[in-house]
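Construct all of the structure, not just a fragment, from the sequences and the given hints.
2 protein chains.
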Amino acid sequence: MPLQPVLIAGQWRAAQARGTFRAENPATGEMLPHEFPISTWADCDDALNAAAEAATILRATPPEQIANFLTRFAERIEARKNEIVEAAHAETALPKAPRLGEVELPRTTGQLRQAAAAALEGSWALPTIDAKLNIRSMLAPLGPVLVFGPNNFPFAYNGIAGGDFASAIAAGNPVIAKAHPCHPQTTQLLAEEAFAALGESGLPPATVQLIYNIAPADGLKLAADPRLGAVGFTGSRAAGMKLKAAADAVGKPVYLEMSSLNPVVILPGALAERGAKIVEEFTGSCLMANGQFCTSPGLTILFANNEAEQFIAGVKAKLESAMPGTLLSSGVARNLAASVKILQAAGAELVTGGALLAGNKFANTLLRVSGEKFLAAPETLQTEAFGNASLVVVARNAGEAAAVLNHLEGNLTGCIYSDTGGADEALYAQLAPLLRIRVGRLLNDKMPTGVAVTAAMNHGGPFPATGHPGFTAVGLPASLRRFAMLQCFDNVRPARLPAALQNKNPNGKMGRLIDGQWSQADVAG
Amino acid sequence: MPLQPVLIAGQWRAAQARGTFRAENPATGEMLPHEFPISTWADCDDALNAAAEAATILRATPPEQIANFLTRFAERIEARKNEIVEAAHAETALPKAPRLGEVELPRTTGQLRQAAAAALEGSWALPTIDAKLNIRSMLAPLGPVLVFGPNNFPFAYNGIAGGDFASAIAAGNPVIAKAHPCHPQTTQLLAEEAFAALGESGLPPATVQLIYNIAPADGLKLAADPRLGAVGFTGSRAAGMKLKAAADAVGKPVYLEMSSLNPVVILPGALAERGAKIVEEFTGSCLMANGQFCTSPGLTILFANNEAEQFIAGVKAKLESAMPGTLLSSGVARNLAASVKILQAAGAELVTGGALLAGNKFANTLLRVSGEKFLAAPETLQTEAFGNASLVVVARNAGEAAAVLNHLEGNLTGCIYSDTGGADEALYAQLAPLLRIRVGRLLNDKMPTGVAVTAAMNHGGPFPATGHPGFTAVGLPASLRRFAMLQCFDNVRPARLPAALQNKNPNGKMGRLIDGQWSQADVAG
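Chains as they are written, first to last, in the working numbering: chain A, 1 to 525; chain B, 1 to 525.
Quick caveat, the hints were computed from the structure, so don't treat them as lab data. We put the CB at the ideal spot given by N, CA and C, even for glycine. Wrong hints could be hidden among the right ones.
What the hints assert, rightly or not - No more than 30 Å apart at the CA atoms, straight line, and that leaves these computed lysine-lysine pairs for DSS-like:
1) B:504 - A:509
2) B:509 - A:132
3) B:509 - A:504
Unchecked claim - Okay, the calculated bits of chain B under chain A, using three or more residues with CB under 8 Å as the criterion:
4) 127-141
5) 238-252
6) 438-447
7) 452-460
8) 486-496
9) 510-519
Said to hold, decoys possible - Residues from chain A that keep clear of chain B, each with C-beta distances beyond 12 Å, as calculated:
10) 10
11) 33
12) 45
13) 68
14) 96
15) 216
16) 268
17) 309
18) 314
19) 337
20) 353
21) 358
22) 403
23) 499
24) 504
25) 524
Following this line, the structure appears as C-alpha cells:
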C-alpha cells in the first residue's frame, strides 16, 4: 500500500519523510494496513510558510465565510460518518455505538456548529468602544495555531475537527494539526472532509494542514517558530511541559491540557443517605471509556467509618463484575500497569485488580490508602493512572481531609457529594473552598465525566491540569479567546476599522461594551 | 536615621535584612537620607504566608468592601498629595507640576476609583450561566499577586497604587509589592496610606504588603512559590525574562511589560501635507518625560524624499533648542549612552546629540539609518534606547518599508500618519496590516505617548513588549482578568454559588451571559 500523503499548502502531497509508521488495532494487536509518513522539518517549514500566508488572508475574511466552512465541515463529517467511525473504532477500540457514532461524533459536529455560530455572532472578541475618545479594541486572530490532539478522543479533541481546531478556526486562524499517531487514518479522513469544505467555502486552502508524525525535536522547533501564533496541546504532562518550555521561551501563547486526577470528596452524610447510588455513579464514571476520560475520577476522599468500608466493598464488587475493556493502545496499558505499581510502592493497597491482561486490557482496579499515608507521599500518590484504576484516600477526620486537599495539585474537576438534609453543610463549608481553588470545575452530587459543550463550561484548571488557569478548552465562545491577541485602535479612521468596531453593529446582535454598557446597538454617530 | 520598616503580615516592622540601600536624587546626584532594608528570604516567606491567609479571606469578601478600600486609598493619596509628590520628585527628578501632581497622581487615583467601580459592577468576571444545565462560571481571584513596579511612573505603575496593584486588588487578590529601588520612599508613603485604608475598610491587614528590595535570586524564588497566584512586572526585558522563566516553569501566570520601540510610520502624503505639525507632535512625544515613557516613539519609518529630509532637519532643530531634562537615575543615563553606542555601531548615524551630560542628563538625540542598513542588522537596530533618543529609518520605497515592518518585534504601540486627502491610502492598505499584528495599539495621526485609562485601551502587545498578547495592563475592567482563574460550578446547589452566579443579579446591573444572551436581568427561577 502506498505511503499516505500529508496535507500541506493546499495539496495532498507526498511527505518529505524521515520514516514511516502504522497504527495498531488495540483490540487485535495487529498493525493496521495504512502506512503514514513521519515528516521531516522540510514538511513543517512548508506548512508554516503556507499557514502564515493563509493567516494574512483569514484576518481579512468575513466571519460568514469562516462559519460557512465550519458548518460545511460538520455536514461532511456526518455524511461520511460510517467510514469515519469504522476507522476510529479500528484505531482506538472504542465502541462504534453508542460511543463513537452516537455520542462523540455528534458532539464534535455540534461543537463545529457552535463555533460557527460564535464566529458569526462575534461577541467572543469582547469588542469595546470608547466613542468619545475614539479608542476601540477587540480580540483578533493570533496567527497559525499548531494543534496536538490526544489519543482518547479521536473526534472531539482531534487536531482536525476537535475543540482546539474549532475554536482556533472560529477565531480566524489557520490550523496545522499534528495527528495523534494512534489514529492517523481517522485524522486523515477528517482532514479530507475539512479540505473539501475549505474549497466549498472559499477559505485559503492552507487554512487546514495535516502532518501525521514528526520527531519530538521538530515539534519543539515548530512550537517556537516565529511564524506560529499559538500552540494547543492535549496529552501527557511530560510532552506538554517540553512544548510549554519551548513556546514560553519565545513568549508564544501555549494552551495545554495535561493531567488530572479529578478528586471526588464524598461526605459522610451523603454515604449514609445514598451510598449504594453513589457506588453506581462512581463505578460508572470510573469505567466510562475504560477510565480514559480526562475527567475520570482518579482520587476519592472518604471519611473513615462503616459506610466508607461499605462503599469500598460496593465499588469492588461492581468493578469485579464488569468486563474490562480494551485500552486505547498497548502504550496506555503499559503505562497504567506502571502507574499502579508506583501507587502501590508509595503505600496504596490494591482493593481489586492491578493485573495487566491479554489484549491491551487491564483488570478494573481500585486502590486505597489512609489519609496519613497519603500525606507522607502526596506527590507520588498523585501519579495519574490513566485508565480503569482509581485510588481511594480514607481520611480519619475533617482535618486530615483538609490536609489532603491542601496537598492536591491543580485539577480539571473536583466533586463534593453531600447529603440533602443539611448534615454535611459544615464539612462542605470547610472543605469546598480548599477544593475550589485547585480545580477548574467544581461539581456537587455529580460525577465529573460529562463535559457539556456549553458557554458556561470550564474544561481547564490550575497547573498542572493546564498551563494557564484563566482559559477553557471546551465551552464556546470562551475557548476562542485563547487563540487571539488584543488589538486596540486609537484614533483610527472609521473606514479603516474592523467591522466589529465600526459605529454600526455589523450584524445587529453582536454584544459590545460601548462606553461602559454592554449593548447590541449601533454607536451613536 | 533608623532603617525604614517593611510592611509584612499587617505590621510595619523591622526587616529581616541582608543589607541596606538609599535612593539617589538624580537631579543632584546625592543620596537621599532614608535608609531602606534589602530583605532576606525570611521576609519573603513571612509575606507569602500572610498573603495566602489574606487571599482566603478576600475570596469571601464582598466587592463593596474591596471597592471601599480602593476608594479610601485614593482619597488618602489625595489628602497627602504634597508630601507624596515631594518624595517622588526627590527620587525621580520628574517635575512636581504638571507631571507628578497634576497628571500622574490624578491618573493614579482615578485608576483606583475605576478599579473600585469595576469590582462593584462585576461584569469584568464574565459571569456565564447555562440555566437549564445549571452550569455556571466566572473569573475569580487567583491568589496573592507579586507586583514589581518600574522606575518611570512612581505613582501610576507603582507596585503600591499603580495599575497592576489596582487590578489585582479589584479582582480580589492580596498584593505583595516589591518597590522599585529608585523610589522607595514614595512607595513607602503610598503603602502607609494603603495600610490605613485597609483598616478603614475592614480588609485583611495583609492584603497589602511591601518589601523594598531583595536579592535577584529571591525574586525568582518568590515568582515560583506555590503560595503565589500570579506575577505582574513592568521593567527591563532582561529582568522580565528571568522572572518569566521562573514562573513559567511552574505554570504560574506572569504578566510582563518589558520593552517597546513604538514604531511610527509617516507616509509621504502626510509629510507633504503637514510636515511641520508632525515635527512638533513627534518632538513633543519624544521628549515627554525625557523619552522615559513605555510608549515613547523610538523608531520612525520615513520614505526617502525631500520632505523626509526636511522632517529630520526640523526635528534636529527642535531637539537642539530643547533643554535635556534629568533622567530617572544614573543607571538610566548610562544605559541610554550605551544603547546609542550600540545603534551607532550597527550603522545608525547621529543626526544630533549622543553625548552624556553632567547631572544625569543626555543630549536630546536623533539617529538615522537607511532601510537597507536597518535590514542588515534588524535585531541590533531594535535595541531600546530608553530615554531621549530616537531612530529614524529612511526607506527607499514601500517594499523596503514593508520589509522593515516585517522585521519588527512585538511592540506596545504603532502609529501611521497619512494625509487627509486620500493620497496615502494605498500605502496605508499595504503597510497597516503588517504593523497591526506586531503592536497592541494601532494609532492614526497621533503620537503614542498618551495612554488613556479607558475600557478600550490596550497597554499590551505581542512579545517581547509583553509576555502574552491577549492581556492589557491599562484599561478597566479588562486588566482585572489577568489576575483571575476561571471557575465553573456544575450542578452546585444555589445557596453555595457565589453571588454573581446566583439567579438573582446581585446588584441589578452586572452584565452576565445567560443562555447565550448578555443580560442584566435575573435568571428566571
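Taking the hints in turn, this is what the structure says about them:
For a cut-off of 30 Å, the pair hint linking residue 504 (chain B) to residue 509 (chain A) stands: about 24 Å separates their Cα positions. About 23 Å separates the Cα atoms of residue 509 (chain B) and residue 132 (chain A), which keeps this hinted pair within 30 Å; it holds. Between the alpha carbons of residue 509 (chain B) and residue 504 (chain A) the distance comes to roughly 24 Å, so the proposed pair stays at or under 30 Å and holds. Using a Cβ-Cβ cut-off of 8 Å, 8 residues of the segment 127-141 of chain B lie near chain A, which meets the minimum of three, so the contact claim holds.
Only residues whose C-beta sits within less than 8 Å of a C-beta in chain A count toward coverage, and the segment 238-252 of chain B has 7 of them, enough to reach three; the restraint holds. Given a C-beta distance limit of less than 8 Å, the hint that chain A covers the segment 438-447 of chain B holds, as 7 residues qualify and 3 suffice. Coverage of the segment 452-460 of chain B by chain A holds [criterion: at least 3 residues with CB-CB distance below 8 Å; count 7]. Given a C-beta distance limit of less than 8 Å, the hint that chain A covers the segment 486-496 of chain B holds, as 9 residues qualify and 3 suffice.
Residues of the segment 510-519 of chain B with a Cβ under 8 Å from some Cβ of chain A number 4, which satisfies the need for three, so the listed coverage holds. With a cut of 12 Å on Cβ distances, residue 10 (chain A) stays outside the contact zone with chain B, its closest approach being about 21 Å. Against chain B, the non-interface label of residue 33 (chain A) holds: every CB pair exceeds 12 Å, the least being about 41 Å. Residue 45 (chain A), annotated as away from the interface, keeps every beta carbon of chain B farther than 12 Å; the closest lies near 18 Å.
For residue 68 (chain A), the non-interface assignment is confirmed: its Cβ lies about 21 Å from the closest Cβ of chain B, beyond the 12 Å cut-off. The Cβ of residue 96 (chain A) sits about 27 Å from the closest Cβ of chain B, beyond the 12 Å cut-off, so the non-interface label holds. Distance to chain B confirms residue 216 (chain A) as a non-interface residue, since its nearest Cβ pair spans about 19 Å, more than 12 Å. Against the 12 Å criterion, residue 268 (chain A) stays outside the reach of chain B, whose nearest CB is about 18 Å from its own CB.
The non-interface label for residue 309 (chain A) is consistent with chain B: the shortest C-beta to C-beta separation is roughly 27 Å, beyond 12 Å. At the 12 Å boundary, the C-beta of residue 314 (chain A) stays outside the reach of chain B, the nearest C-beta of that chain being 23 Å off. No Cβ of chain B approaches the Cβ of residue 337 (chain A) within 12 Å, the least distance being about 28 Å, so the stated non-interface status holds. Annotated as non-interface, residue 353 (chain A) keeps its C-beta farther than 12 Å from every C-beta of chain B; the closest such distance is 29 Å.
Consistency note on residue 358 (chain A): stated as away from chain B, and its beta-carbon is indeed over 12 Å from all of that chain's, at 38 Å minimum. Every C-beta of chain B lies more than 12 Å from that of residue 403 (chain A), the closest at about 15 Å, which supports listing it as non-interface. Its beta-carbon lying about 15 Å from the closest one in chain B, residue 499 (chain A) satisfies the requirement of being farther than 12 Å from that chain. The beta carbon of residue 504 (chain A) is kept farther than 12 Å from every beta carbon of chain B, the shortest such distance being approximately 17 Å.
The claim that residue 524 (chain A) is not at the interface with chain B holds, since no C-beta of that chain comes within 12 Å of its own (minimum 16 Å).
The structure meets every hint from the earlier list without exception.
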